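Colleague: Each chain, letter by letter, is given below.
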Amino acid sequence: MRKLVIAISLLAFAGSAAYADPIKDRQALMKERGKLAGQISKVVKGEEPFDAAAVLTALQALEANAEKFDADKLFPAGSDKGDTTAAPKIWEDMAGFKATGDKFLADAKAAVASPPSDVDALKAQLNTLGGDCGTCHQTYRIKKS
Amino acid sequence: MAWLKKLVGAFIVLGGAAAAAGWVLSAPARLDAATIAELGPGDAAKGKRIFYAGGCTSCHAKPGAQGDARLELVGGLELKTPFGTFVPPNISQDRKDGIGAWSEEDFANAMLKGVSPSGEHFYPAFPYASYARMKPADIADLYAFMKTLPAVAGKAPDHKLSFPFTVRRGIGLWKLVYLSPEPVIVLPEGAPDKVLAGRYLVEGPGHCGECHTPRDFAGGIRKGEWLAGAVAAEGSGVVPNITPDGKSIKDWSEADIANYLETGFTPEFDSVGGAMVDVQRNMTQLTADDRAAIAAYLKAVPPHPNGYPARKPAS
Chain C
23 MRKLVIAISL
33 LAFAGSAAYA
43 DPIKDRQALM
53 KERGKLAGQI
63 SKVVKGEEPF
73 DAAAVLTALQ
83 ALEANAEKFD
93 ADKLFPAGSD
103 KGDTTAAPKI
113 WEDMAGFKAT
123 GDKFLADAKA
133 AVASPPSDVD
143 ALKAQLNTLG
153 GDCGTCHQTY
163 RIKKS
Chain F
41 MAWLKKLVGA
51 FIVLGGAAAA
61 AGWVLSAPAR
71 LDAATIAELG
81 PGDAAKGKRI
91 FYAGGCTSCH
101 AKPGAQGDAR
111 LELVGGLELK
121 TPFGTFVPPN
131 ISQDRKDGIG
141 AWSEEDFANA
151 MLKGVSPSGE
161 HFYPAFPYAS
171 YARMKPADIA
181 DLYAFMKTLP
191 AVAGKAPDHK
201 LSFPFTVRRG
211 IGLWKLVYLS
221 PEPVIVLPEG
231 APDKVLAGRY
241 LVEGPGHCGE
251 CHTPRDFAGG
261 IRKGEWLAGA
271 VAAEGSGVVP
281 NITPDGKSIK
291 DWSEADIANY
301 LETGFTPEFD
311 SVGGAMVDVQ
321 RNMTQLTADD
331 RAAIAAYLKA
341 VPPHPNGYPA
351 RKPAS
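Protein sequences appear in the order of chains C and F.
The numbering used here applies: residue 23 is where the first sequence begins, and numbers increase by one.
The numbering used here applies: residue 41 is where the second sequence begins, and numbers increase by one.
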């Protein structure tokens with residue numbers, strides 16, 4: 023019985039810990055970012071019509087997502103261990119890592135500040151933002167399987 | 041030929057190239073006159089496409105170079121491998137430090153035979169085992185394009201290798217086993233032109249198999265696991281399985297693959313990462329037809345299970 027109680031409380035503890043799990047938090051943030059990029063991409067590929075208001079909403083959501091990227095909170099020391107593809111390079115070069123995040127935020131802000139008037143303008147913005155994704159993932163992420 | 045391969049294999053296992061037979065077999069072989077005659081005068085405009093298909097700048101630009109600086113092929117990147125650290129050299133048009141003094145024939149011997157103008161073997165970290173499948177006319181076009189790129193002075197540092205890999209002559213034996221202009225995948229009679237074009241780009245200039253295929257003890261490509269993915273030969277992590285059985289791209293359509301090469305986005309809107317980032321940037325310089333051909337070929341290659349171990353469960 024004692025063992026069972028301990029097991030249950032351990033499980034509960036693990037559950038609450040998962041809430042404050044920086045690995046899960048950062049993965050959720052990136053998933054959301056990808057989803058937003060996906061919405062914009064559908065317009066760029068012509069699968070959905072260009073609706074200036076909807077596009078602006080998506081870009082604003084992308085900016086809000088970028089604002090939430092707090093490297094100190096999401097990538098604390100020690101969070102290189104576990105189910106993560108974060109590269110050790112993040113902690114070796116935190117300044118460089120943060121700079122790639124800042125670049126994305128700046129480009130998202132610039133897109134919102136001058137909303138695209140047509141698909142071509144949107145495509146250019148998505149290329150810039152997508153390029154930022156790649157620049158960071160080139161150095162700071164490791165593919166594991 | 042099988043007995044010869046065994047003999048050569050035995051030599052590599054023993055790590056010895058000292059025997060007289062080995063000495064003869066390991067001699068650098070240059071292109072024959074017929075192939076040289078096929079080179080012809082190159083067209084720089086066409087060579088630009090080959091340059092980006094080959095991804096020359098990914099290894100030969102100064103590490104971290106962006107924009108136009110990526111056309112300054114001064115070398116200096118460090119490729120850390122189990123055999124030691126390879127440093128891609130200066131291949132800019134500088135006559136002293138680069139390849140500005142090379143003739144078209146010198147260039148073709150390097151690309152197709154892995155032999156330097158002075159008659160030395162190059163290490164196969166320079167992926168001539170793939171380039172050997174290229175058409176001589178494309179080599180000539182590439183040579184013409186590279187002639188239009190800037191001359192940049194400065195020698196890259198030497199490779200940092202340990203014995204026996206310091207013995208360049210040993211590469212001659214390696215070449216007997218692994219260097220061939222024949223395609224890796226034999227396609228059925230009447231295979232669509234698109235797939236054939238994709239095979240050429242992937243197996244030849246694109247040298248995709250160099251990272252996406254596991255290697256054997258001698259650093260040769262395991263052709264029986266072609267494109268099955270591999271533990272990264274350089275750096276860390278794994279390079280994904282891109283055969284039709286590869287988890288990463290199993291559910292991707294041809295259009296998805298072509299779109300990934302064009303935009304860097306997967307269908308799930310993850311982004312390109314690692315060494316593939318530079319490759320994808322190069323792929324944007326190809327034509328839409330080229331990217332579609334690569335996609336068609338990847339759907340046509342034999343499926344294989346992953347060429348790397350399963351991910352360890354989270355600790």
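Derived from the structure by calculation, the hints contain no laboratory data.
A couple of the hints might just be wrong.
To be verified - Cβ pair distances, simulated, as ranges:
hint : chain 1 : residue 1 : chain 2 : residue 2 : range
1    : F       : 327       : C       : 116       : 26 to 34 Å
2    : C       : 116       : F       : 296       : 58 to 66 Å
3    : C       : 136       : F       : 296       : 46 to 54 Å
4    : F       : 190       : C       : 43        : 43 to 51 Å
5    : F       : 76        : C       : 60        : 45 to 53 Å
6    : C       : 118       : F       : 295       : 31 to 39 Å
7    : F       : 118       : C       : 103       : 44 to 52 Å
8    : C       : 100       : F       : 135       : 32 to 40 Å
9    : C       : 78        : F       : 296       : 22 to 30 Å
10   : C       : 103       : F       : 76        : 54 to 62 Å
11   : C       : 43        : F       : 49        : 49 to 57 Å
12   : F       : 125       : C       : 113       : 19 to 27 Å
Quick caveat, the model's predicted, so the values are computed rather than measured.
Each residue gets a CB set at the ideal place from its N, CA and C atoms; glycine is no exception.
Colleague: Just to be sure I understand the hint, the distance between the Cβ atoms of residue 125(F) and residue 113(C) should be within 19 to 27 Å; is that true here?
Modeller: 23 Å, holds
Colleague: Given a hint of 26 to 34 Å, does the C-beta separation of residue 327(F) and residue 116(C) actually sit inside it?
Modeller: 41 Å, violated
Colleague: Residue 116(C) and residue 296(F), beta-carbon distance inside 58 to 66 Å?
Modeller: At 35 Å between Cβs, range violated.
Colleague: CB of residue 118(F) to CB of residue 103(C), is that within 44 to 52 Å?
Modeller: 27 Å, violated
Colleague: Taking the beta carbons of residue 43(C) and residue 49(F), is their distance inside 49 to 57 Å?
Modeller: The hint (49 to 57 Å, Cβ to Cβ) holds, given that residue 43(C) and residue 49(F) are roughly 50 Å apart.
Colleague: Just to be sure I understand the hint, the distance between the Cβ atoms of residue 190(F) and residue 43(C) should be within 43 to 51 Å; is that true here?
Modeller: 50 Å, holds
Colleague: If you check the beta carbons of residue 76(F) and residue 60(C), does the distance land in 45 to 53 Å?
Modeller: 51 Å, holds
Colleague: Verify the CB-CB distance for residue 103(C) and residue 76(F) against the hinted window 54 to 62 Å.
Modeller: 56 Å, holds
Colleague: Starting from the range 32 to 40 Å, see whether the pair residue 100(C) and residue 135(F) falls in it by beta-carbon distance.
Modeller: 53 Å, violated
Colleague: Measuring from beta carbon to beta carbon, are residue 78(C) and residue 296(F) in 22 to 30 Å?
Modeller: 27 Å, holds
Colleague: Falls inside 31 to 39 Å, the C-beta gap from residue 118(C) to residue 295(F)?
Modeller: 35 Å, holds
Colleague: Given the hint of 46 to 54 Å, is the C-beta distance from residue 136(C) to residue 296(F) inside that range or not?
Modeller: 31 Å, violated
Against the hints set out earlier in the document, violations occur for numbers 1, 2, 3, 7, 8.
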